[in-house]
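Chains as they are written, first to last, in my numbering: chain X, 24 to 588; chain H, 15 to 364.
The hints are simulated quantities; they were obtained by calculation from the structure and are not laboratory data.
Check before you lean on any hint, since a few could be wrong.
Said to hold, decoys possible - Distance condition first, Cα-Cα at most 16 Å in a straight line; then the derived EDC-like pairs of lysine to aspartate or glutamate:
#	chain 1	residue 1	chain 2	residue 2
1	H	LYS146	X	GLU391
2	X	LYS556	X	ASP529
3	H	LYS242	X	GLU211
4	H	LYS242	X	ASP207
5	X	LYS556	X	GLU525
6	X	LYS396	H	ASP171
7	H	LYS291	H	GLU355
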Amino acid sequence: MSEDAARAVALLAVDPLGLGGAVLRGPPGPARDGWLAALRANLPPGTPWRRLPLNAPDGALLGGLDLTATLAAGRPIAQKGVLAEADGGIVLLPMAERIATDVAAKLAAVLDTRQVAVRRDGLSLDLPARLALVALDEGLEGEAVPPPLAERLAFRLDLALPFTLPPAEIQAARARLPAVRVPDAILEALVGGALALGIGSLRAPLFALNAARAAAALAGRDEVLAEDAALAARLVLGHRATRLPEAPAEPETPPPPPDQEQDQAETAAPDPAQLQELILEAARASLPAGLLAGLSGEAREAARRAAAGRAGARRKAEARGRPIGSRPGALRGAARLALVDTLRAAAPWQRLRRQGAPAGPLIRVRREDIRLKRFQARTETTAIFAVDASGSAALNRLAEAKGAVELLLADCYVRRDQVAVIGFRGRAAELLLPPTSSLVRAKRSLAGLPGGGATPLAAGMEAALALAEDQRRRGRTPLMVLLTDGRANIARDGSQGRPGAEADADLVAQQIRAAGLPALLVDTAPRPSAFGKQLAAAMGGRYLPLPVMDGARLSAAVAGVREAG
Amino acid sequence: MDLPLRTPPVAEAAAPARRPPFPFAAIVAQEEMKRALLIAAVDPGVGGVLVFGDRGTGKSTAVRALAALLPPMLVVAGSPYNADPRQPFPPQSGPIEVAEVPVPVVDLPLGATEDRVAGALDIERALAHGEKAFEPGLLARAHRGFLYIDEVNLLEDHLVDLLLDVAASGENVVEREGISIRHPARFVLVGSGNPEEGELRPQLLDRFGLSVEVRTPTDLPTRIEVVKRRDAYDRDPAGFCARWEKPAVAIRKQILAARKRLPRLKVPDAVLEDAAKLCLALGTDGLRGELTLMRAARAEAALTGASRVDRAHLRAIAAPALRHRMRRNPLDEAVATIRVERALTELFGP
Chain X
24 MSEDAARAVA
34 LLAVDPLGLG
44 GAVLRGPPGP
54 ARDGWLAALR
64 ANLPPGTPWR
74 RLPLNAPDGA
84 LLGGLDLTAT
94 LAAGRPIAQK
104 GVLAEADGGI
114 VLLPMAERIA
124 TDVAAKLAAV
134 LDTRQVAVRR
144 DGLSLDLPAR
154 LALVALDEGL
164 EGEAVPPPLA
174 ERLAFRLDLA
184 LPFTLPPAEI
194 QAARARLPAV
204 RVPDAILEAL
214 VGGALALGIG
224 SLRAPLFALN
234 AARAAAALAG
244 RDEVLAEDAA
254 LAARLVLGHR
264 ATRLPEAPAE
274 PETPPPPPDQ
284 EQDQAETAAP
294 DPAQLQELIL
304 EAARASLPAG
314 LLAGLSGEAR
324 EAARRAAAGR
334 AGARRKAEAR
344 GRPIGSRPGA
354 LRGAARLALV
364 DTLRAAAPWQ
374 RLRRQGAPAG
384 PLIRVRREDI
394 RLKRFQARTE
404 TTAIFAVDAS
414 GSAALNRLAE
424 AKGAVELLLA
434 DCYVRRDQVA
444 VIGFRGRAAE
454 LLLPPTSSLV
464 RAKRSLAGLP
474 GGGATPLAAG
484 MEAALALAED
494 QRRRGRTPLM
504 VLLTDGRANI
514 ARDGSQGRPG
524 AEADADLVAQ
534 QIRAAGLPAL
544 LVDTAPRPSA
554 FGKQLAAAMG
564 GRYLPLPVMD
574 GARLSAAVAG
584 VREAG
Chain H
15 MDLPLRTPPV
25 AEAAAPARRP
35 PFPFAAIVAQ
45 EEMKRALLIA
55 AVDPGVGGVL
65 VFGDRGTGKS
75 TAVRALAALL
85 PPMLVVAGSP
95 YNADPRQPFP
105 PQSGPIEVAE
115 VPVPVVDLPL
125 GATEDRVAGA
135 LDIERALAHG
145 EKAFEPGLLA
155 RAHRGFLYID
165 EVNLLEDHLV
175 DLLLDVAASG
185 ENVVEREGIS
195 IRHPARFVLV
205 GSGNPEEGEL
215 RPQLLDRFGL
225 SVEVRTPTDL
235 PTRIEVVKRR
245 DAYDRDPAGF
255 CARWEKPAVA
265 IRKQILAARK
275 RLPRLKVPDA
285 VLEDAAKLCL
295 ALGTDGLRGE
305 LTLMRAARAE
315 AALTGASRVD
325 RAHLRAIAAP
335 ALRHRMRRNP
345 LDEAVATIRV
355 ERALTELFGP
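Whenever a hint applies, use it, and build me the whole structure from the sequences.
Written out as structure tokens, the structure is:
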């Protein structure tokens with residue numbers, strides 16, 4: 024909706040600090056560039072405008088010791104990070120959907136406290152950083168800006184079409200902003216609207232309030248009217264909705280974005296119920312198209328969880344095979360020197376050390392300067408659970424299988440493993456939970472696993488194998504736990520029939536063996552089947568018949584596989 | 015970019031041109047979180063508070079608000095370690111000059127490096143005067159106060175190790191450039207975070223005396239009040255804080271009165287027995303559960319102005335004291351609270 028994009032840019036230019044910023048979803052291109060140019064053009068001249076480098080280390084982000092300058096000056100020279108440099112302005116965050124969880128948390132802290140707390144490299148500085156963040160999200164399917172960050176930005180815009188910014192008195196609006204009043208009825212309607220849309224966080228209504236205020240200021244008014252609130256609801260609340268509000272006598276399709284400025288402006292004092300209905304109507308208009316029909320709290324929640332799961336997975340991926348910072352320590356064994364960090368630790372002392380002993384090497388590094396590279400531990404395990412949720416398995420106590428998996432998850436938690444869950448039923452396998460160390464999410468993904476349908480065993484095993492190889496590439500050690508009753512009846516090409524399905528499963532089992540993936544087959548059939556045993560042998564894995572679910576045995580078996588792997 | 019290098023003293027760090035923190039007294043609802051923080055303010059020996067929960071519930075707001083609420087404390091004048099005049103560090107002979115300072119609530123931001131957390135040599139002094147002087151870090155500044163870590167579940171592992179070590183020994187040891195410093199570092203650890211971002215290491219979880227779960231309020235009037243107050247604060251922080259000064263004074267008095275009452279409050283054997291039974295019923299690990307129950311119940315009694323600790327006080331603080339200590343199904347955080355409630359009902363009646 025290019026009209027919304029234009030409105031959002033104007034509102035953000037009026038009150039960047041009060042709105043936090045925006046997530047721009049969409050590929051790089053004229054639409055995005057145009058939006059950014061419009062924002063920049065409407066900010067006061069000289070407003071800082073910084074782009075956060077990709078994979079910026081903490082020093083670039085938060086600030087730290089300037090190594091070159093420190094060595095040259097012989098005394099510590101500090102260097103501001105991007106965030107402090109952007110004080111009073113805008114920070115662009117390219118590829119925001121890929122940033123690591125800890126970077127997102129640092130940015131969130133800056134947005135919350137409006138300052139950068141530098142406690143690094145011998146520096147203790149609190150630098151003002153009153154800024155708004157524009158997160159650029161390439162808008163790929165299934166990826167999203169980490170929730171803690173998206174939560175702190177008022178707008179989320181899907182940019183597709185270029186737009187034109189209607190001329191607006193932005194500077195005047197900015198001056199007017201502090202004087203704009205919000206009637207209680209409007210505030211209450213915005214808070215009520217957010218609640219009715221299932222938005223838990225209280226930041227949302229606060230952003231909506233600020234957006235409404237900016238809209239009133241833009242319109243040259245000193246009081247927020249219903250139309251301002253409606254606009255704020257559309258821009259701030261709509262995309263945050265997790266459920267459709269129960270509305271009285273809803274039409275089949277809600278009317279298109281209300282072109283209601285005129286008639287609403289004339290409504291002098293609408294009663295609270297009307298106001299809230301107006302706000303919900305406006306928010307509904309900005310619910311993503313297509314989602315509207317199928318939107319239920321559950322579906323939306325699932326999407327949110329999946330996004331969160333990916334955030335966790337990304338964080339680890341970010342660290343794959345790469346150092347993730349440095350720490351002080353002794354250089355021995357397999358430890359690797361972090362040269363620049365070591366120099367940084369030694370730099371401020373150079374002049375002093377030379378005074379102590381004039382003859383000697385040019386740069387004097389002592390034992391306590393030594394910094395070691397920290398790597399993502401290579402031994403971390405990802406336990407991949409492939410769970411048969413077919414009709415036959417459901418009959419054979421899917422609920423108990425879930426219970427057993429939960430026990431195993433608890434075990435993995437104790438060992439700090441990551442877990443992933445793949446469910447298969449009907450015709451296909453589905454990644455229910457990308458590798459994560461959050462058990463809250465793991466548990467939810469299992470709880471949401473429905474049962475029923477045919478048994479595409481080969482597809483499930485294949486999905487687990489693919490995920491395992493992906494995990495290996497990320498420097499982790501995968502292991503697979505396959506829970507099935509072994510009644511395969513869907514082949515890899517989707518055709519029905521037991522013989523084809525079993526042959527395919529056998530084939531994938533051989534691939535698993537060739538890949539050297541440690542595996543455990545837990546046979547959940549009431550009577551252990553010969554096929555299950557044979558499949559386990561083909562995988563080169565262990566076989567555990569479990570006619571009665573026994574958490575302790577299961578846990579011991581997985582531990583065995585882990586050690587063997 | 016040539017910035018002056020400095021370590022601002024505590025008072026200066028607390029009061030640059032930034033907004034005053036949101037007043038504690040103006041926080042709507044979230045009673046359990048507020049109570050836990052007050053208990054820690056009355057008896058730091060309770061062992062820290064962990065606040066876990068939903069986004070946008072004002073977790074860090076509450077912790078930062080605590081600073082403005084705490085009655086000041088006495089230190090050896092000019093001591094970078096907030097040294098206690100009763101046990102000065104480093105030891106002094108002769109008369110001690112005493113100063114009144116605010117109780118520190120020190121932020122440990124993510125991205126802090128070890129040298130600033132533990133302290134290091136003061137480079138400026140070394141360069142200017144050739145002196146090897148220690149420049150205390152965040153741990154020294156937090157001594158006798160609070161150390162706050164937002165997103166504590168994202169803190170880097172080697173810093174967690176350092177914290178665990180210092181928390182266990184009560185002192186911080188730094189060796190650098192040929193000097194060795196050892197100074198007391200006892201503080202109340204306060205952490206907050208959202209469990210969806212990652213798990214907390216079990217060893218660290220165990221360090222927290224109380225653990226609080228926060229949820230966004232779901233009733234409309236409460237939510238409206240939260241938004242109204244927050245908005246009023248955002249528009250005029252100083253004016254808002256001034257309007258809430260009176261309730262703030264009342265809470266400060268409550269803390270002072272409770273602290274005064276605390277040493278005289280005895281925990282009767284019957285309550286100790288209750289605590290032991292409860293821990294047994296819930297299968298909590300170790301003695302720390304019972305100890306926390308006892309201390310927190312006593313602080314609770316002191317806060318309510320009671321003259322003796324009784325079962326009601328124990329019940330009031332049982333959930334935050336125990337919910338993170340049960341040999342639990344780690345998958346089930348919500349269930350932990352229910353289990354505590356159930357055990358309380360089974361043992362002591364509804």
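Going through the earlier hints one by one, which of them does the structure break, listed in rising order? The structure conflicts with no hint, since it agrees with every one listed earlier.
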